[in-house]
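The primary structure of each chain is shown beneath.
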Amino acid sequence: MPYIVLSLIKTLIVVLILMHTLAYLQWVERKVIAHVQLRVGPRRVGPHGLLQPLADVIKLITKEDMLPSHVNKPFYFLAPFLAVLFALIPMCLIPYGGDINVFGIHTTMQVTDVSVGILLVLGLSGMGVYGVALAGWASNNKYSLMGGLRSSAQMISYELPMAMAIAAPLLILNTLSFRHMVDAQAGFYFGFIPKWSIFQGPFPQIFSFILFVIAGFAETNRVPFDLPEAENELVAGFHTEYSSMKFAAFFMAEYANMVTVSCIATLLFLGGWHPLWPAAYGSSFLPTLIFGITALVCFSHAVNPARPFDRITLPVFGVLFLIIAGVYLVPPVQQILMPLFWFGAKAGGILFVFIWIRATLPRFRYDQLMHFAWTFMFPAALINLFFTSLLVALT
Amino acid sequence: MDAVLFLVFAVISVACAVNLVLQRHPIASALSLVGVMGSLAFVYLQLGGEFIAAAQLVVYAGAIMVLFVFVIMLLNEGKERKQKMKLWVRWAGVPLLFAFFALMALIVQAILPPQANVKFGSFTAGNAADIGDKLFTRYLLPFEVTSVLILIAIVGAIVLARKELD
Amino acid sequence: MQLWLIPLLPLAGFAINGLFGRRLPKAVINLVAVGSVLLSFLWVLKTLSSLGAFSGGLENRYFEHYYTWIQSGSLNIGIDFAVDRLTAVWLMIVTGVGLLIHIYAVGYMAHEGGYYRFFAYLNLFMFFMLVLVLGANYLLMFVGWEGVGLCSYLLIGFYFLEKFATDAGNKAFIVNRIGDFGFSLAVFLIVSHFGSSDFATVFSKVKDLPVEPTAGWITAICLLLLVGATGKSAQIPLYVWLPDAMAGPTPVSALIHAATMVTAGIYMIARSSPLFLHSTSALQIVAYIGIATAFFAATIGLAQTDIKKVFAYSTVSQLGYMFVGLGVGAFSAGVWHVMTHAFFKALLFLGAGSVIHALSGEQDLRKMGGLAKKIPITCITLFCAGVAIAGVPPFSGHYSKDAILEAAYLQTPWIYWVGVFTAGMTAFYVFRALFLCFFGEYRGEPESKHNGHGHDDHGHGHGGIHESPPSMWIPLAILALLSLGGGFINIPKFLEPIFPLAEGAVPEWLGYISIAAGLGGIALAWLFYIAAPGIPESLAKTFSAPYNWIYNKYYVDELYDNVVVEPMMDGSRELLWQVADVRVIDGAVNGAGTVARAAGRLLRLAQNGYIRDYAGWVVAGSILIVAYMGLRGMF
Amino acid sequence: MPFPYWVVGVPLSWYLILSAVLFSLGVAGFLFRRNVITVFMSIELMLNAVNLSFVAFSYKLGQNDGHIFSFFVMVVAAAEAAVGLAIILTVFKNRHTLEIDEVSSLRN
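Taken in sequence, the protein lines are chains A, B, C and D. Position in the first sequence (from 1) plus 595 gives the number in the numbering used here. Position in the second sequence (from 1) plus 1 gives the number in the numbering used here. Position in the third sequence (from 1) plus 8 gives the number in the numbering used here. Position in the fourth sequence (from 1) plus 520 gives the number in the numbering used here.
With the rest of the complex left out, here is chain A:
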């Protein structure tokens, strides 16, 4: 009985956090790209455009939902739903931290722990293809169809190297459940090198990590693999014919997939919520340090503001950051928050790489994409898997 309630609560929390994450991820992306390209980025809505996501949401909701006349209605409606569905389901399999005790209830920071979680995630993300493909096909438009076919082909072909890149660390971690694989990465060599799978013997999984991230880019149709929505070739790819909320759904799905991929990368390769160096060397004071420094930066900027309203906003942020920093010092809360911090830090780092790359790299040509998948990614993953299994077998 408490199980169900507990799951509901956890689901609620996850959904809330996830939604905000997605919304603000987009803001972050715009900001980062802007700064990479020496622009300012959104700044009208709210301080530093912090309310931009909200504005976008409102815009998307209130926009006219126009339904093209030539589409194949049921599938046209079904497509974005599928896309979001299969993008969000994996979230409930991902653990964000270890066990916790809240108000005497002992539970895990995870909606549900399936013993074959990684496989399920693979399957579900693979089914994300349907949304895209169906959208492309249902909207009865050659650009959309092109986009849909491209994306399905691309996803299928990149699923192989991804699966193989996943298989390699699994050989070392020797489990399929996320929780256990994170536990298998606990501890340190010589007391300071973390036992994450990218460092872990017998064969450090750095290569498979790189392969996985690349394949992840392709899976999520991100630059440089965003062929399905190559503006200059096919107007907007599979969601050409979609507007307002349905478009938003695809958008959300894409970001959700990004989050999923980075979470899985964190769990598989970066040791989940385990700290970069042992708490004995004060790793648990890192968040306090970071947030403190951030607060100080805010205050220092507030002294001589670049923009008039910075005089008000920056101190507010500084105070907020200080509060957060303080919260991280409270032992019980710290015991809850530290894993979240590390997890978020790692996942955020990978997400940042996503954005960074998008700001940096041009787009592949389609044949190059496939060529890359089958002639580099696949053999590389295969060789990597081979060596890993060889070394595992030898030890």
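In case anyone wonders, no lab produced these hints; they're calculated from the structure. Computed from a predicted structure; not experimentally measured. Any given hint might turn out to be false.
Said to hold, decoys possible - When the alpha-carbon atoms are kept at most 20 Å apart in a straight line, the in silico EDC-like pairs for lysine to aspartate or glutamate are as follows: (1) D:K580 / B:D131; (2) C:K381 / C:E504; (3) D:K580 / B:D3; (4) C:K215 / C:E475; (5) B:K120 / B:D3; (6) C:K34 / C:E120; (7) B:K135 / D:D585; (8) C:K54 / C:E72; (9) C:K375 / C:E545.
To be verified - Sample of chain B residues at the chain C side, in silico, Cβ under 10 Å: (10) V95; (11) L97; (12) L98; (13) A100; (14) L104.
Virtual Cβ for every residue (Gly too), placed ideally from N, Cα, C.
Fit chains B, C and D to the known structure of chain A by using the hints.
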């Protein structure tokens, strides 16, 4: 509780299957088949087949059906034209079908007393470790043979589907 | 002890020569062929000496098992070799004489086509013969048996361009089939009765059985074995193939059809002596067949004009002697005669071959004469062989033949007398041949140049009568020594552990009688063909009817043709072909075809090419199955 | 008061009946549909039904061989799908139809 879960997914799968048969559009059939597979995956989970459930999603729903959808889109044949069936099919088909089904149900009831209950989680041998263990010890030869079969299938598919060099 | 090495060496030689011989130079072929036989001969020597065969050892057999060949139920037949003293004798004969003949053949075949083929076959023959001798069970023996048959077929038909050669080959093969049929039936009987084909087990089981006074299944087995033996060792009624077998090259005649293969029958009977000893009637039949063969073959030999035919018939008759020896229970004597006969008969053939060689292929005695001075070595050696076969003491033939005859005398005296008479005839016709060949004046065309003529198609260019090369006359010399001194190798003593010596003393005058017969024969020959050459013709004229009978070999071939071959061919043509084949078999086949076509015409209605209809049928069928299972499951 | 048996747990026969239903539906699709691809998908449906019964029986027998069998079934189905779809593509290329009854060159 188990019964409820089972009934939910059973109903979904049957509905999807019926839809598969009745829909005149291949895409619709394909999607409903995906539905069947998904719900069957959960039924497997209930029966303790975690690995099989995952494999069902990955292999069937994730790969095979994607292939189907892909091909359907590629050909883009549109709806199946209505056309009057052959006589015996029209008259004998459905009764035959139901006779078939009734017989199967009859046998099931005959060989399995309804008291054999399935409790979720009471069967644990279905996890990946055990399956893999058995797969690579006792069923090693079939496993390898299937891999060869897959290879042959790939080659055959390529040979069949590639453009004739003219 | 690695017995397997003995037969395997010739097999290796066969493989090399048979596969690559076409490309190999002659020197290499000779090396391989002779070398392999030489090696196996040496290996035999080593094996036997280490088994103590030469030093009174090898009392009971030495056995080697290699692997289980056939295993079904209780029957368990293995590939395993065994050596006992009997085998030892044969091993020595086969490899020793075989070696000499190989060496001889190097010179003899020097100008022949298909050189590598010849030696490949020869080596193959050695292999099979050794398997036959070494095999420790009837089945393995049968393998060797068939194998030597095959090789003899191949080698008789060696000049496959000549019709008569291939015919002779076919004749030999077919006639041998009859014998082999008997042998195989015998093997089946043995297996079914003794549950095994191993010599050891079979004989140990036989020991407990009573001797069959009249007839029983042991007799049946023995008679069937005898059929096989008559086939292989050219006894009445199956001897007809051997004279024709002379169509093969002379070394073949010497090796296969005089020294070794034809004695396989003797070996087989000697090997199965425990069986034969349990069936008196079978033994008697062996003796009768032997003596009859010896006599008739000798009479035929009197009038032959082809030198090889003469020796062929003498072979037949000598084999008859051996059968007599076996039949009267003096197995060791028979074996002894096998050995001595191997020596002098091989020598005779090789000498004849050397003569033919010298005359560039001439085989007709009437075209020879006065060759003594031209080819002295051949002449001398041939005369050694002659005195040996004539039974003149102290030469080999005398001892072995006398051993047989005395044993015969102890058992059934009249066989002895016939045997002695035959011995006289033997001496007569052998020396007739020799005198015709070597004395008197040369009757052939001067410096005969007709190459490629005559039976032994011997097409080498250098005409003129010339002595053979050393590779030919050295074996002759060795064989001559052996056939002179071979009598002192006391085989019966050697074989005592297997065949206990026959007790009972014989009056010593018997020996003189046989010697007298031999000398008499020689004297008669001298009288007829040197002193008064006119006598034979006049005799032939006066006794023309019997002379023609003998000259035409009692018309046996014609008899067989009319009685067996013709009816069979007619029957096949008229009955089997016209009726059985055309009507019954073809009718059945065509009928089946029409029926199938009709059925197909019906079934085609179901095959309407609509996949879903097929599926419907499948579903209907599965419904039926499911219904059946359901009903079975419920009730 | 005692619960009815299906509250305590699901009777195994239900799973088998479910698989029977799915199988019969697959048969129906195979028989009634004319689109080659749909027919093909009906076959896949039948395979799934069989897999379900495999898994159910392996539950009953308490060993996971059934799972392995169904795993093999999946693999073979994958191979079959690859080849079959390739065949369908070629057929469509040559005949420009997916009507299974128009692909009846077996006839006569």
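Below or equal to 20 Å on CA atoms is what counts here, so check K375 (chain C) against E545 (chain C).
holds, 16 Å
Is K135 (chain B) within 20 Å of D585 (chain D), Cα to Cα?
This hinted pair holds, its Cα atoms lying about 8 Å apart.
So if I understand the rule, the pair passes when the alpha-carbon distance is 20 Å or less; does K34 (chain C) with E120 (chain C) pass?
holds, 11 Å
Holds or violated: A100 (chain B) as interface residue toward chain C, Cβ cutoff 10 Å?
holds, 6 Å
Sort out whether E504 (chain C) lies within 20 Å of K381 (chain C), counting only the CA atoms.
Cα-Cα ~45 Å, so violated.
Holds or violated: L104 (chain B) as interface residue toward chain C, Cβ cutoff 10 Å?
holds, 5 Å
Regarding the hint that L97 (chain B) lies at the interface with chain C, is the smallest CB-CB distance below 10 Å?
holds, 7 Å
Would you check the hint for K215 (chain C) and E475 (chain C), treating anything up to 20 Å between C-alpha atoms as holding?
The given pair, whose Cα atoms are some 56 Å apart, is violated under the 20 Å limit.
Do the alpha carbons of K54 (chain C) and E72 (chain C) lie within 20 Å of each other, as the hint requires?
holds, 16 Å
Below or equal to 20 Å on CA atoms is what counts here, so check K580 (chain D) against D131 (chain B).
holds, 17 Å
Under the criterion of a CB-CB separation shorter than 10 Å, is L98 (chain B) in contact with chain C as hinted?
holds, 8 Å
Checking hints one by one. Is V95 (chain B) an interface residue toward chain C, by the C-beta closer than 10 Å rule?
This hint is violated: V95 (chain B) lies away from chain C, its Cβ roughly 12 Å from the closest one there, beyond 10 Å.
Checked against the numbered hints given earlier, this structure breaks hints 2, 4, 10; the rest are met.
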